[in-house]
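One line per chain: the protein sequences are A and B, in this order. As numbered in this note's numbering, residues 1 to 119 make up the first sequence, in order. As numbered in this note's numbering, residues 1 to 287 make up the second sequence, in order.
Hints are computed from structural coordinates only; laboratory data are not their basis. Backbone N, C-alpha and C define an ideal beta-carbon position, used for all residues, glycine too. Take the hints with a grain of salt, since some may be wrong.
What the hints assert, rightly or not - If we take Cβ atoms under 7 angstroms as the criterion, some of the chain A residues that face chain B in the derived model are:
{"no.": "1", "residue": "42"}
{"no.": "2", "residue": "45"}
{"no.": "3", "residue": "48"}
{"no.": "4", "residue": "56"}
{"no.": "5", "residue": "57"}
{"no.": "6", "residue": "96"}
{"no.": "7", "residue": "97"}
What the hints assert, rightly or not - DSSO-like, lysine-lysine: derived pairs with alpha carbons at most 30 angstroms apart:
{"no.": "8", "chain 1": "B", "residue 1": "233", "chain 2": "A", "residue 2": "95"}
{"no.": "9", "chain 1": "A", "residue 1": "88", "chain 2": "B", "residue 2": "111"}
{"no.": "10", "chain 1": "B", "residue 1": "201", "chain 2": "B", "residue 2": "233"}
{"no.": "11", "chain 1": "B", "residue 1": "233", "chain 2": "B", "residue 2": "198"}
{"no.": "12", "chain 1": "B", "residue 1": "130", "chain 2": "A", "residue 2": "95"}
{"no.": "13", "chain 1": "B", "residue 1": "51", "chain 2": "B", "residue 2": "2"}
{"no.": "14", "chain 1": "A", "residue 1": "88", "chain 2": "B", "residue 2": "162"}
{"no.": "15", "chain 1": "B", "residue 1": "201", "chain 2": "A", "residue 2": "88"}
{"no.": "16", "chain 1": "B", "residue 1": "130", "chain 2": "B", "residue 2": "78"}
{"no.": "17", "chain 1": "B", "residue 1": "130", "chain 2": "B", "residue 2": "198"}
{"no.": "18", "chain 1": "B", "residue 1": "51", "chain 2": "B", "residue 2": "233"}
{"no.": "19", "chain 1": "B", "residue 1": "168", "chain 2": "A", "residue 2": "95"}
{"no.": "20", "chain 1": "B", "residue 1": "78", "chain 2": "A", "residue 2": "68"}
{"no.": "21", "chain 1": "A", "residue 1": "68", "chain 2": "B", "residue 2": "233"}
{"no.": "22", "chain 1": "B", "residue 1": "111", "chain 2": "B", "residue 2": "70"}
{"no.": "23", "chain 1": "A", "residue 1": "95", "chain 2": "B", "residue 2": "198"}
{"no.": "24", "chain 1": "B", "residue 1": "78", "chain 2": "B", "residue 2": "168"}
{"no.": "25", "chain 1": "B", "residue 1": "111", "chain 2": "B", "residue 2": "85"}
{"no.": "26", "chain 1": "B", "residue 1": "130", "chain 2": "B", "residue 2": "51"}
{"no.": "27", "chain 1": "A", "residue 1": "68", "chain 2": "B", "residue 2": "168"}
{"no.": "28", "chain 1": "A", "residue 1": "88", "chain 2": "B", "residue 2": "198"}
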Amino acid sequence: MFVTLFALLFISSCQMKQEDSLDVMPDSNQIERGRRLTFSYGCAVCHTIRGVRDYPGNIGPSLVDWGKQKYIAGAVPNRMSQLILWLKNPQSIQKNSAMPNLNMTEEEASDIAVFLYSQ
Amino acid sequence: MKTRFAIILSLLSVGFVVGIGTTIFLELGLYDISALSPHNEIERRLIMFLKNNAIEYQSGDISPPQLNSKKRIRNGMKLYEVQCKICHGAPGEPRGRVSTGLNPNPPPLLKADEHWSSGQLGWIIQNGLKMAGMPGVGIGQTQEDVWNIVAFVKRMNTLSVKEYRAMKKAIQQDEDPPELRWESPEEGWIRLKEYSAKEGKLLLKQYGCASCHSIPGVKTLNTHAGPGLQEWKDRHFIAGQVVNYPNNLVRWLMHPEEIDSTTLMPNLGVSEEDAWKMSAYLMGLEE
C-alpha cells in the first residue's frame, strides 16, 4: 500500500514541473473570451468556477484552483494540450464519462483552457 | 419643520436624478442584452431570488401521486427524450446545439430532485417560467403526462451514464430487460446509518487517502493528485462514471478499477466493512 502511495506521490511531483509551461503566453483578451465561452457552454451549471457562477454548479468536481490539479478525470496529466483534448472530446480520454461532448471548436476549447488555468 | 422639509426635498431630488438616469440608460440602449454575456452578480441573485420565491408561493400545496413506479418512469422518459433533452441534456449527453448559448443556461436536471419537491417540479413543467426560456410543457399534455416526466426527472438523480443508455435502448426497442432497474434505489442510505462515521474518519487516515485528496477533518499533504473531497455529499458523480450513492461509493472505494478502468485511484484492498465506514464519514461532509 505504501509503495503505491509513494509511487503516486513521486509521479505527482514529477508532473508539477511540466504543468507550469503553457504553450503560449495568454493575453487578457483570450482569458475574457474564455470566460464568456465558459458561461455560454454552461460549464458552470455543473462545475464551481471562480468568475463564472451558474446554477446548480455542483454536479461535476470544483474547478477552483484548477491549475493546481494534477490529473484530468483521474486519467491523464493536467496539461494544456490534454485539457484541450478533454474539452473537445471527454470520451476520448475517459470512456463513459458523464462530462458531455459539447462539440466545441479547437479555438474555443483553447480559450476556455487558458481561462481555466488563469483563474 | 425646516429639517423635515429639507429631507423631503433631497429625497425627491435623488428620486428625480435616479429616474432621469434610468430613463437615459434605457433610452440609449446601454443595457448589455447579448445572451453571450453573463448577468452580473446582482442581477443573477435578484432573478434567482424572484424565481425561487415565486415558484414556492405559486406551486402551493400540490400533492403529487405515487411517482417511483416503473410505468411512470418509463413513460416519463419517452416524453423527456422528445421534449426536454434538447435543452436540459441527460446523463452523459449534452443539450442540443439549438439551445447552446441560451441565457440563462437551462440547468441540467440531475440534481433537480434535491432542489425542488415533486409538486414544485410538476408546477414548473406544467407552467414553464417567464424570463428563463422554459416553456409551459403542460400545453397539449395531460396532467398524468406531466407527472410521468416528474417521475423520470426524479429517477435521473440516481442514474449513471451506463444505466441511462441501457434504459434508452430499452425504450427505443420497446423491450423490458429484467436486469434493468427502473425505480429509484433507496436502501443504500438506510444501510449507511448502521456504520460509524467516526471510525470511518480514522480509517481514511490509516489508508492514507489524504495523501492525494484533501479531506475536511483529516490532515492532508495537499498534493492535489486527486480531487478535494469537501462537501462530498453534494457531489453528483463518482469519477464522472456512477452516481454518488452509498452503494456506488462503497464499490468505488473497494474496486475503483471496476468502475473506471483508466483511473489512477489505487485498489487498496479495502474490506467492505471499512468501505461502508469511510463512506459514512464522507457522506456526512456537506455544506
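We went through each hint and held it up to the structure:
| no. | hint | verdict |
| --- | --- | --- |
| 1 | 42 | holds, 4 angstroms |
| 2 | 45 | holds, 5 angstroms |
| 3 | 48 | violated, 10 angstroms |
| 4 | 56 | holds, 5 angstroms |
| 5 | 57 | violated, 9 angstroms |
| 6 | 96 | holds, 5 angstroms |
| 7 | 97 | holds, 5 angstroms |
| 8 | B:233 with A:95 | holds, 24 angstroms |
| 9 | A:88 with B:111 | holds, 25 angstroms |
| 10 | B:201 with B:233 | holds, 15 angstroms |
| 11 | B:233 with B:198 | holds, 16 angstroms |
| 12 | B:130 with A:95 | violated, 38 angstroms |
| 13 | B:51 with B:2 | violated, 44 angstroms |
| 14 | A:88 with B:162 | holds, 21 angstroms |
| 15 | B:201 with A:88 | violated, 38 angstroms |
| 16 | B:130 with B:78 | holds, 26 angstroms |
| 17 | B:130 with B:198 | violated, 47 angstroms |
| 18 | B:51 with B:233 | holds, 26 angstroms |
| 19 | B:168 with A:95 | holds, 18 angstroms |
| 20 | B:78 with A:68 | violated, 42 angstroms |
| 21 | A:68 with B:233 | holds, 23 angstroms |
| 22 | B:111 with B:70 | holds, 20 angstroms |
| 23 | A:95 with B:198 | violated, 35 angstroms |
| 24 | B:78 with B:168 | holds, 8 angstroms |
| 25 | B:111 with B:85 | holds, 15 angstroms |
| 26 | B:130 with B:51 | holds, 9 angstroms |
| 27 | A:68 with B:168 | violated, 38 angstroms |
| 28 | A:88 with B:198 | violated, 42 angstroms |
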